[in-house]
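Asks: Listed here are the chains, written in short residue letters.
Protein chains: 2
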Amino acid sequence: MIIRKDDKRLQDILKRGEIMEGEYLHTVLDIIADVRTRGDESLAELTLRFDGYDMLKGGIEISKREMKDAWEALDDRLKLALENAKANVISFHEKQLENTWIYEKTPGTFLGQKVTALESVGVYVPGGKAVYPSSVLMNVLPAKVAGVEEIVMVTPATGGKVNPVVLAAAYLAGVDRGFRIGGAQAIAALAYGTASVPRVNKIVGPGNIYVALAKKMVFGQVDIDMIAGPSEILIVADSSADPDHVAADMLSQAEHDELASAIVVTDDLELAKEIESSVYAQLEELPKREIAKKSIEKYGAIIVTDDLNEAADITNNIAVEHLELCVANPMEYMLKIRNAGAIFLGANSPEPVGDYYAGPNHVLPTGGTAKFFSPLGTYDFQKKSSIIYYSREQLIADMPDIRVLAESEELIAHRNSVIIRTED
Amino acid sequence: MIIRKDDKRLQDILKRGEIMEGEYLHTVLDIIADVRTRGDESLAELTLRFDGYDMLKGGIEISKREMKDAWEALDDRLKLALENAKANVISFHEKQLENTWIYEKTPGTFLGQKVTALESVGVYVPGGKAVYPSSVLMNVLPAKVAGVEEIVMVTPATGGKVNPVVLAAAYLAGVDRGFRIGGAQAIAALAYGTASVPRVNKIVGPGNIYVALAKKMVFGQVDIDMIAGPSEILIVADSSADPDHVAADMLSQAEHDELASAIVVTDDLELAKEIESSVYAQLEELPKREIAKKSIEKYGAIIVTDDLNEAADITNNIAVEHLELCVANPMEYMLKIRNAGAIFLGANSPEPVGDYYAGPNHVLPTGGTAKFFSPLGTYDFQKKSSIIYYSREQLIADMPDIRVLAESEELIAHRNSVIIRTED
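As they're listed, the protein sequences go chains U and R.
With my numbering, the residue at position 148 of the first sequence is 149, and numbering never jumps.
With my numbering, the residue at position 248 of the second sequence is 249, and numbering never jumps.
Hint data in this document are derived by calculation from the structure and do not stem from the laboratory.
Just so you know, not all the hints are guaranteed correct.
To be verified - Straight-line Cα separation of at most 30 Å, DSSO-like style, residue types lysine-lysine; simulated pairs:
1. U:Lys106 <-> R:Lys80
2. U:Lys106 <-> R:Lys58
3. R:Lys115 <-> U:Lys115
4. R:Lys115 <-> U:Lys337
5. R:Lys106 <-> U:Lys337
6. R:Lys96 <-> U:Lys115
7. U:Lys115 <-> R:Lys162
8. R:Lys96 <-> U:Lys106
Keep in mind it's a predicted model, so treat the numbers as computed, not measured.
Bound conformation, chain U alone (with noise of 0.2 Å):
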């Protein structure tokens, strides 16, 4: 598992979320298209198909009644943390909140921007066994701190099932109305609208390879998240690091998957041993050792650097979704940090912290995309309108360079339109 920063492997794991997008694109615009077309029909036939759920007979809408019923069959213990952590996320959201400035340029001119909640929002939540409530909470809180009116659930129901748990955390979360739908076909009915299920603004959410393509394709029918990979942790530790600490956070992010990732950077050779050995001793030891172990086999390392800096630089250039700095100095060593989803400082600030918890969004940029996505968060459910307040008078001093810029480009009819304001 102890590499260098040259070895080939790194490129490997950097790598794995790859897919090859081609062969699935034509499934993905055949439902689009059918969906678009004849909406229910469509998707009544797509849904028996795929998730084996006749919803002629069961019906397609969840109802408020059953997302309550859920939450109230919850364990006491459980629903208490969920409602910690929904305070938590809530809070942490509002400090995002942005609001509508308007400021006076000159005398009498004032721009600004104008900030509103989008209308209504679709959330995907994936079907099958690795469902998590926590999910929910963090797609549906931020939409509902930015003030969105309606937020709609999709979620599939396989073999005529939707997990509790996550009707639970909707009711929590306050989610407003749910569909027993998921694929490319529940993607296509938020994006166009049928007769049953109301067309959204935006829709966030990871799923499949089928929803993530058909995310894609209805791109600019409405807005969307961004694209999820497979999830991953890279940990910076320097020679203050517990060594079983950092051990047992690579196996809490190896655990989800095996397609998983996590990386371990550090200038500190006895540790990187000591790591090595922690996890595979701890590994034993856990209920999902089996996916645990191939995902550190395969998408585990430990890189020795030369110093801190040579980490710091392959930290900024693999731009992970979680990254903890397990260092002496850690908020200075954060300095440093260009391009992470999230950053967790100091030897108490273990990544599960993030998960759960402690506010932040845990839906994150993964497989580098940090260099250029941003966590979701309550700016994901608003806009912006820019405001324009000319006065008189600005407008005569500014006409002879707006007359010149418009006559440089050739539209006359651009230059008449404040002429005709000025010379009057």
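Guided by the hints, dock chain R onto chain U, whose structure is given.
Replies: Just chain R, lined up with the frame of chain U:
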């Protein structure tokens, strides 16, 4: 041209930008795959085929010298106008700059958001006749304000020639590198990099259907801005509006392009009639009357409503790119507006003021996408990382909740990484 709000014609206008992507998709995917595999060799072949330019002879890169020479050859009066426009655009976009923040959530626990600039950005500038230096400023300057280190411009050298005003504007805006490439092949080169063209983090700028589709298909590999459709204006006018002014503003939109749309919404039928006459009278004097006439006849409309509240509803539903509020009390009326790219307030703020000069960006959401997209802004070139710093005391305090949540998701290694730190 005068219609009621339920006229079928309105639907035709709003759907004018819809494009059947399917037929272009294969070509675009083939081009992307080829550039990704063969790099410069592919670029050279495609550029010769589509732009009639042999880059093996003429060179692919535009030198800084060429940009500087183009700037210096510009007329002094135009130089001054462009410099003033640049200063205004920078001044407005500086107000959009976001900064890193951290707050103390509980004693010893800090949460926050680190804001950093993207490292590199690609700007697509279309070829052809309708090339606007103002577009170069509007796409490049926000990236500059954000602190992007490398701004790469690509533009097709149709027949070997790049528009000198584009080069001059690139020089003024501070483009770092320029390349004589266009179409889907230029987008692929920016997304994946070739021996000559650097890979960037985000691609912005308008283009034809091949460029738009290529941007969509490389989304995820890089970030992109919105998908640009044909331009449009909507003017809400009450009896206080000057019909000649409103007519001039409709024409300033119509002269852009036969697909451009100019809509007036008014509660005053007499005003509607006066605007209509004035449009036809002013039209005759325009150099671009052929284009403007087609646009007005096909996609121009004056909608007469019962009152101004109804006008606001229609406006929000259309979610137009440029919205002028030519009403007696525009500041107050703006409170009713939810969806618009840019809002021009009152009698002295015609749309060309924003196109060229005032400061806010002229790259705006079109075709109803103002329901979810924002104007291009400094925020497009900054990204965020979450910051989480826990004290040991806080970790101990939150451990019971985190434990319950991790166990409910059957993620035992997640639980362990918290417990191992609190049980020592």
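Asks: Could you run down the list of hints and mark each one as holding or not?
Replies: Here is how each hint holds up against the structure:
1. Note on lysine 106 of chain U and lysine 80 of chain R: the hinted pairing holds, with a Cα-Cα distance of about 23 Å set against a maximum of 30 Å.
2. Taking the CA atoms of lysine 106 of chain U and lysine 58 of chain R, the gap is near 50 Å; set against the 30 Å cutoff, the hint is violated.
3. Simply put, lysine 115 of chain R and lysine 115 of chain U have alpha-carbon atoms about 24 Å apart, close enough for the 30 Å limit, and the pair holds.
4. Among the hinted pairs, lysine 115 of chain R with lysine 337 of chain U is consistent with the structure: their alpha-carbon atoms are about 12 Å apart, no more than 30 Å.
5. As the CA atoms of lysine 106 of chain R and lysine 337 of chain U are separated by approximately 24 Å, the hinted pair is consistent with the 30 Å bound.
6. Note on lysine 96 of chain R and lysine 115 of chain U: the hinted pairing holds, with a Cα-Cα distance of about 13 Å set against a maximum of 30 Å.
7. Straight-line distance between C-alpha atoms of lysine 115 of chain U and lysine 162 of chain R comes to about 41 Å, which puts the hinted pair past the 30 Å bound.
8. Between the alpha carbons of lysine 96 of chain R and lysine 106 of chain U the distance comes to roughly 11 Å, so the proposed pair stays at or under 30 Å and holds.
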